[in-house]
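Colleague: Here the protein sequences line up with chains A and B, keeping their order. First residue of the first sequence? That's 1 in the numbering used here, and the numbers climb one at a time after it. First residue of the second sequence? That's 1 in the numbering used here, and the numbers climb one at a time after it.
Since the hints were derived computationally from the structure, they do not count as laboratory data. Ideal Cβ positions, reconstructed from N, Cα and C, are used throughout, including at glycine. Mixed in with the good hints there might be a few duds.
Pairs of lysine-lysine residues, derived as DSBU-like cross-links and limited to a Cα-Cα distance of at most 35 angstroms, are as follows [unchecked claim]:
| id | chain 1 | residue 1 | chain 2 | residue 2 |
| --- | --- | --- | --- | --- |
| 1 | A | Lys67 | B | Lys67 |
| 2 | B | Lys5 | B | Lys67 |
| 3 | B | Lys5 | A | Lys5 |
Covered stretches of chain B (in silico footprint by chain A; criterion: 3 or more residues with CB under 8 angstroms from a CB of chain A, positions within the stretch not fixed) [stated by the list, open to error]:
| id | region |
| --- | --- |
| 4 | 4 to 12 |
| 5 | 20 to 31 |
| 6 | 112 to 121 |
| 7 | 136 to 142 |
2 protein chains.
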Amino acid sequence: MIDLKREAALRDAIELLYFGYRAFTDRPDRILASRGLGRVHHRVLYFVARNPDISIQDLLVILDVTKQALNGPLRQLIEMKLVATRLAPSDRRVRQLRLTYEGEKLEGRLTGTQMQQLGCVFDAAGAPAEAAWRDVMRAIASRR
Amino acid sequence: MIDLKREAALRDAIELLYFGYRAFTDRPDRILASRGLGRVHHRVLYFVARNPDISIQDLLVILDVTKQALNGPLRQLIEMKLVATRLAPSDRRVRQLRLTYEGEKLEGRLTGTQMQQLGCVFDAAGAPAEAAWRDVMRAIASRR
DNA sequence: CGTTTTAGGTCAATCATATTGACATGAATC
DNA sequence: GATTCATGTCAATATGATTGACCTAAAACG
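Could you put together the complete structure from these sequences and hints?
Modeller: Next up, the structure:
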């Protein structure tokens with residue numbers, strides 16, 4: 001009896017993660033779609049924003065995709081002048097990525113909707129609940 | 001200063017959700033790939049398991065996809081004898097979906113890895129942290 | 001100095017997921 | 001009898017991602 005309850009509770013948790021993630025990506029996805037972009041573009045914008053001058057290789061490792069999968073979307077972003085590249089001074093093989101001013105504006109809009117969403121939820125839940133949520137998420141994320 | 005810290009904390013939370021979800025789907029994805037199946041198939045198996053005799057229409061609403069997107073994977077699952085259908089006694093237009101014994105076995109393996117993962121994390125975090133995590137996830141999921 | 005490795009770019013073929021649109025069938029409902 | 005509803009299916013299209021192959025330029029190694 002207790003096992004069944006635990007199993008049902010864990011299945012509920014699975015659904016929370018599934019529906020939570022879906023709700024979490026919903027708003028940026030709509031903004032992106034209106035510009036003909038996809039979730040990949042957001043991920044690139046996001047990680048370049050957080051890691052200015054990141055190399056292609058490092059970005060590939062973070063995103064865990066092949067360079068062919070990154071190449072297309074990244075080229076679009078560069079053509080749209082949302083991302084700028086320059087050769088690394090120390091090693092002219094590597095290209096460092098940065099957001100342009102326009103890129104920062106879009107990234108801010110996209111990520112802003114998510115920060116607002118999470119911010120509202122955290123404010124309502126309280127600091128201890130927020131900390132607990134982070135601990136649990138960190139443990140989930142670090143599992144291999 | 002405080003605003004910048006808050007912003008950085010919210011960006012951390014965004015990453016936790018991104019990497020957390022990725023780690024969460026990793027293991028089922030591998031099992032599925034070894035059988036030539038994808039994440040859609042898992043979602044179908046999961047929701048049919050939780051809602052025996054669910055109709056196609058209701059499944060479409062839960063998954064939030066078009067019937068064309070569901071049709072292919074579902075047909076595969078039926079051909080592989082993992083899902084069975086029968087006409088609803090009350091309305092012979094609707095087809096009720098159920099897992100076969102083999103379907104239950106696979107669904108249990110797939111979802112089992114996720115339950116184990118979440119179970120370990122919850123056990124380590126403690127019941128109050130688990131409850132707080134659920135509250136926060138519920139709030140995120142219910143935002144539109 | 002020459003060879004090898006590294007970072008990156010690109011072309012091609014392929015696969016999975018998902019969409020919109022159109023059309024068909026059979027069963028219920030009005 | 002006409003309409004609505006649940007489902008199935010065909011076609012065209014888009015995106016995201018993969019593997020494999022081949023290329024350049026720059027750095028590192030010996």
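Colleague: None of the hints should be skipped; say for each whether it holds.
Modeller: Tested hints:
Straight-line distance between C-alpha atoms of Lys67 of chain A and Lys67 of chain B comes to about 33 angstroms, which keeps the hinted pair within the 35 angstroms bound. Straight-line distance between C-alpha atoms of Lys5 of chain B and Lys67 of chain B comes to about 45 angstroms, which puts the hinted pair past the 35 angstroms bound. A distance of roughly 40 angstroms separates the Cα atoms of Lys5 of chain B and Lys5 of chain A; the hinted pair therefore is violated under the 35 angstroms criterion. Note: the region 4 to 12 of chain B has 5 residues with beta-carbon separation from chain A under 8 angstroms; the three-residue rule is met and the coverage holds.
Counting residues of the region 20 to 31 of chain B whose C-beta lies closer than 8 angstroms to any C-beta of chain A gives 6; at least three are required, and the coverage claim holds. Coverage of the region 112 to 121 of chain B by chain A holds. Counting CB-CB distances below 8 angstroms, 7 residues qualify, and the rule asks for three or more. With 7 residues having a beta carbon nearer than 8 angstroms to a beta carbon of chain A, the region 136 to 142 of chain B meets the requirement of three or more and the stated coverage holds.
In summary, the numbered hints that this structure violates are 2 and 3.
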